[in-house]
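Start from chain C and add chain G according to the hints.
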Amino acid sequence: MKKLIVFFLTLSMPFLFSLPVQADETCMSPYIAKITGQEDYVYVWTLGVEGVGDEQDKLVTIGANPNADNYGKIVHVLSVGGRNEAHHSGLSDDRRYLWAGGLDTNKIFIFDIHTDPAAPSISKVITDFADVTGGLVGPHTFYALPGRMMVTALSNNVDNGGRTGMAEYNNEGEYIATHWIPTDEDLRGATKSGQFADGYGYDVRVKADLNIMLTSSFTGWSNYMMDFGAMLSSPEAMQRFGNTMVVWDMHARKPLKVLDVPGVPLEIRCAWNPDNKYCFTSTALTSQIWLIYEDDSGEWQAKAVADIGNPADVPLPVDISITADDTGLWVDTFLEGKARYFDISDPHAPKQVYEQVIGSQINMVSQSWDGKRVYFSSSLLGNWDKTGEADEQYVKLYHWDGETLEHQWSIDFYENGLGRAHQMRFGSYAMYGKLNPYIESVQTARTQPSEEDPTRIQTDS
Amino acid sequence: MWRKTQVFGIAAFVWLIELSIGLDVPAQTSGTLDSGQHFDVSQAFGPGDVKEGYESADYETQSRSLLSRRGIKQDLIQIVENPPLGLPPVAFPADNPITRAKIDLGRLLFFDRRLSINNTVSCANCHIPEQGFTNNEISTAVGVEGRLVIRNAPTLYNVAYLQHIFLDGREISLENQVWQPITARNEMAAPSIGYVINKIKRISDYDGLFEAAFEGRSADIATVGYALASYQRTLLSANSPFDRWYFGGNEDAVNESVKRGFSVFAGKGQCSVCHQINENHALFIDHQFHNTGLGYAVSTGKTAAQKNKTTSVQLAPGVFVDIPNETIQSVSRVESFNDLGLYRVTENPADRWKFRTQTLRNVALTAPYMHNGQFATLREVIDFYDQGGIPNELLSPFIRPLNLSESEKTDLEAFLESLTGQNVPRIVADAFAAQIGELSKDDPNWAHQNTLGF
Chain C
1 MKKLIVFFLT LSMPFLFSLP VQADETCMSP YIAKITGQED YVYVWTLGVE
51 GVGDEQDKLV TIGANPNADN YGKIVHVLSV GGRNEAHHSG LSDDRRYLWA
101 GGLDTNKIFI FDIHTDPAAP SISKVITDFA DVTGGLVGPH TFYALPGRMM
151 VTALSNNVDN GGRTGMAEYN NEGEYIATHW IPTDEDLRGA TKSGQFADGY
201 GYDVRVKADL NIMLTSSFTG WSNYMMDFGA MLSSPEAMQR FGNTMVVWDM
251 HARKPLKVLD VPGVPLEIRC AWNPDNKYCF TSTALTSQIW LIYEDDSGEW
301 QAKAVADIGN PADVPLPVDI SITADDTGLW VDTFLEGKAR YFDISDPHAP
351 KQVYEQVIGS QINMVSQSWD GKRVYFSSSL LGNWDKTGEA DEQYVKLYHW
401 DGETLEHQWS IDFYENGLGR AHQMRFGSYA MYGKLNPYIE SVQTARTQPS
451 EEDPTRIQTD S
Chain G
1 MWRKTQVFGI AAFVWLIELS IGLDVPAQTS GTLDSGQHFD VSQAFGPGDV
51 KEGYESADYE TQSRSLLSRR GIKQDLIQIV ENPPLGLPPV AFPADNPITR
101 AKIDLGRLLF FDRRLSINNT VSCANCHIPE QGFTNNEIST AVGVEGRLVI
151 RNAPTLYNVA YLQHIFLDGR EISLENQVWQ PITARNEMAA PSIGYVINKI
201 KRISDYDGLF EAAFEGRSAD IATVGYALAS YQRTLLSANS PFDRWYFGGN
251 EDAVNESVKR GFSVFAGKGQ CSVCHQINEN HALFIDHQFH NTGLGYAVST
301 GKTAAQKNKT TSVQLAPGVF VDIPNETIQS VSRVESFNDL GLYRVTENPA
351 DRWKFRTQTL RNVALTAPYM HNGQFATLRE VIDFYDQGGI PNELLSPFIR
401 PLNLSESEKT DLEAFLESLT GQNVPRIVAD AFAAQIGELS KDDPNWAHQN
451 TLGF
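Top line first, the protein sequences correspond to chains C and G. Every letter in the first sequence is one number past the one before it in the numbering used here, and letter 99, counting from 1, is 99. Every letter in the second sequence is one number past the one before it in the numbering used here, and letter 28, counting from 1, is 28.
One thing to keep in mind: the hints can contain errors.
What the hints assert, rightly or not - Below, in silico cross-link-like pairs of lysine to aspartate or glutamate (EDC-like), each with a Cα-Cα straight-line distance of 20 Å or less:
#	chain 1	residue 1	chain 2	residue 2
1	C	Lys338	G	Glu326
2	C	Lys351	C	Glu299
3	C	Lys192	G	Glu60
4	G	Lys259	G	Glu408
5	C	Lys124	G	Glu60
Unchecked claim - Facing chain C, according to a computed beta carbon distance under 10 Å, are these residues of chain G, among others:
#	residue
6	Gly48
7	Ser139
8	Ala141
9	Glu145
10	Leu148
11	Arg151
12	Lys309
13	Ser312
14	Gln314
15	Val321
16	Asp386
17	Ala447
18	His448
Calculated from the structure, these hints are not laboratory results. Bear in mind that the values here come from a model prediction, so they are computed numbers and not experimental data. Backbone N, C-alpha and C define an ideal beta-carbon position, used for all residues, glycine too.
Chain C on its own, in the form it takes in the complex (with noise of 0.2 Å):
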């Protein structure tokens, strides 16, 4: 029987491995190969807490097939020293490694999650980005090229401030480049296309067919990591948020052209389909959702194009989730905890349709390749989120039928001791050509061969 496996894996190995190049959660590099079906795993990356559990950050992993005996229960927690200011992570192109970054120390952590993807590692922890890239501070996204790690920064080590770049990094976590966002002064051959060029820096996203890679812009180390009631009583601190996008020429690494979309551009979700050139984002305090696009003489242009919710109410949109057909795109705004869902058939006019609370605050949103599991998670940054009981930490799942969210399981990371949840990737054991242990049938196959069925054992790829 154990060699009538073996036979079934081996056929399903070149399946495995000769993938579509496109990322399981339906915002990631396109050089990414993807799960296309059942994950087994949400990797959250957690800010930790003083005064819960042991205070620092953390990699939470968490069982997310519903076939396994571990389906919905904290399976693994990697404590890794210290609060860096936990935030976005990446895999790599080979999906064998997850970077992760601190906002506030420049840590970068890259956990071996292929090895045993239940129990992901430390593999090498960066600790010297700010002074190998020229003073990038907070590197933010991790988002991968063909062997090739590009890492979006939020400041600077001088002032503090927006203006930054980004940093290319190999496959090993060895510096290769910084690619600073253009300013006034130095466009770097861009053109400045409206009123700004603030240098600022937050996503990057490619449409890789077009050639194009997008940034979008956030804020600075003062004020990220600043008390979120005290900043909004600032104005001085109000003043210094992104109101930029940037075009480049991908593979030569360029910026071309800077457009402006006042308010804060945050998360970048370029359409899948190639017929469909432009990307989405939207903008954190004016409220809106922003279309990129190619127009008709290929120019690159960006417009307003959906309020979310009501904009006077600054209901404060952060994460968005652009479904695999570039059909609909999941909208979490912070203040409310609500997740909205837009029908973005046509792009230049979204209309939302459904609109649900999911908690007291939210922030990140991930959802399948097929976009019926869509799990969310509440920490937006260490000092910005609620206080008092509306500081609710959480990662929740939900079904998608197309019209309804329906909850499956929550699990609370402050009743666990674990802290702040921030952002979720996905693993899978496919992707390595391996069998999720934790599943019945693949343990009974271990111990009770069945020749009559012997496609039990075998888990979507």
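Same frame as chain C, but now just chain G:
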């Protein structure tokens, strides 16, 4: 804010002209950079991330490249040994005479983020050279892990003359003072003095420097203080247009508005009662503490912002909304902090809400103003004092309604703007050339696998 733009712009323009003439002449005649050096002096007068006019929908960025923020090391001992016009001689502590080696070492320490617990915060995080050695970009300072500092970072220009250090006067010397921000939990949060000393000893950048500066003595609680104090003592700035007029006798150094403003300052406004001017020099301080009512109002919830149910918050250029204070409170951790000023040190109830008089030198470069950074512009400060501060039982007797006319306020503002020192570019150029201490591969791996090491 547009006025600040004008100040920066005019000052930069003037300096550009002066430097274009004086670049190749000896430093003592140019009075700016060391001889033969080129530095874009416009960088010295405000944030490189220029936000003037941001209130308007017509705002356009004028952002500078970080790559152009390059300086030239200056011989700062010349400044402190021969203070610029308008400043008195500096008195050095008997146990800490000034030397170039100490200044260089102090500069290295000042910009070293590794002195904080998590290698993220240096002195320069809050005292940013081109922002008047304060921070123009936030009202109150931010420490390690974003922890709240309840006060606006004070400028370091001319701290050599202070008798009381900190706005509540709790320290007596710069040498002692340096350890407070390094070890304060909400600033650099180093766990102990010994830990920092030991860390310094293990950073190769400091190899031999303490020994060279202190006759063989290595880093310790005193020498770290001596070095940092020595650098800060060199940050003397004067020979402003006002100085050249008032002390130098150059009638053309300032315009008539400045002269009228000085009359208001020393006369009807009675500003000089606290911001004193002596016969041969002016520090614009009285080494005393005063209650203007501002701290009282904040502590007792009586500021206009606190009384309102909403706060106007800017979302983008030209875009403002009124956010309910309840919403702001829901994401705020500041409610338990009341700043009682000198009382925090003396616990004398008569000292409640008293703060040390701050210098007015370079005041055009050090916005936002007051102990909590509450006012964005000099005009707001003038208006506050013109209304007589905020009444309370401990209000300083020197604070009373002034009934200034609009033209008097304008002139007073012009006077304050004339107090920008001529050598600001030189000091900033020197600071720009400083090494920023960051974790590097040469360091022990205390960023991730730290040990006590002692």
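Inset, instruction - With chain C as the partner, please determine if glycine 48 (chain G) meets the hint condition of a C-beta pair closer than 10 Å. - result: holds (7 Å)
Inset, instruction - Verify the interface restraint on glutamine 314 (chain G): the C-beta must sit less than 10 Å from at least one C-beta of chain C. - result: holds (5 Å)
Inset, instruction - Measure nothing beyond the straight line between the CA atoms of lysine 338 (chain C) and glutamate 326 (chain G); if it is 20 Å or shorter, mark the hint as holding. - result: The given pair, whose Cα atoms are some 19 Å apart, holds under the 20 Å limit.
Inset, instruction - For the pair supplied as a hint, lysine 259 (chain G) and glutamate 408 (chain G), confirm whether the alpha-carbon distance does not exceed 20 Å. - result: The hint holds at about 11 Å.
Legend entry - Hinted contact arginine 151 (chain G) with chain C - closest CB pair below 10 Å: Arginine 151 (chain G) check fails; min Cβ-Cβ to chain C is 12 Å, beyond 10 Å.
Inset, instruction - So, histidine 448 (chain G) near chain C? Judge it on the closest CB pair being under 10 Å. - result: Check passed: Cβ of histidine 448 (chain G) comes within 4 Å of chain C, closer than 10 Å.
Legend entry - Interface hint status, glutamate 145 (chain G) versus chain C (Cβ within 10 Å): holds (6 Å)
Inset, instruction - Let me know if the C-beta of serine 139 (chain G) comes in closer than 10 Å to any C-beta of chain C, holds or violated. - result: At 4 Å from the nearest chain C Cβ, serine 139 (chain G) passes the 10 Å test, so the hint holds.
Legend entry - Hint status (Cβ of lysine 309 (chain G) to nearest Cβ of chain C, threshold 10 Å): violated (14 Å)
Legend entry - Pairwise hint evaluation, glutamate 60 (chain G) against lysine 124 (chain C), where the allowed Cα distance is 20 Å at most: violated (42 Å)
Inset, instruction - Using Cβ atoms only, decide whether leucine 148 (chain G) comes closer than 10 Å to chain C, and label the hint accordingly. - result: holds (5 Å)
Inset, instruction - Measure nothing beyond the straight line between the CA atoms of lysine 351 (chain C) and glutamate 299 (chain C); if it is 20 Å or shorter, mark the hint as holding. - result: violated (25 Å)
Hint violations for this structure: numbers 2, 5, 11, 12 and 16, all remaining hints satisfied.
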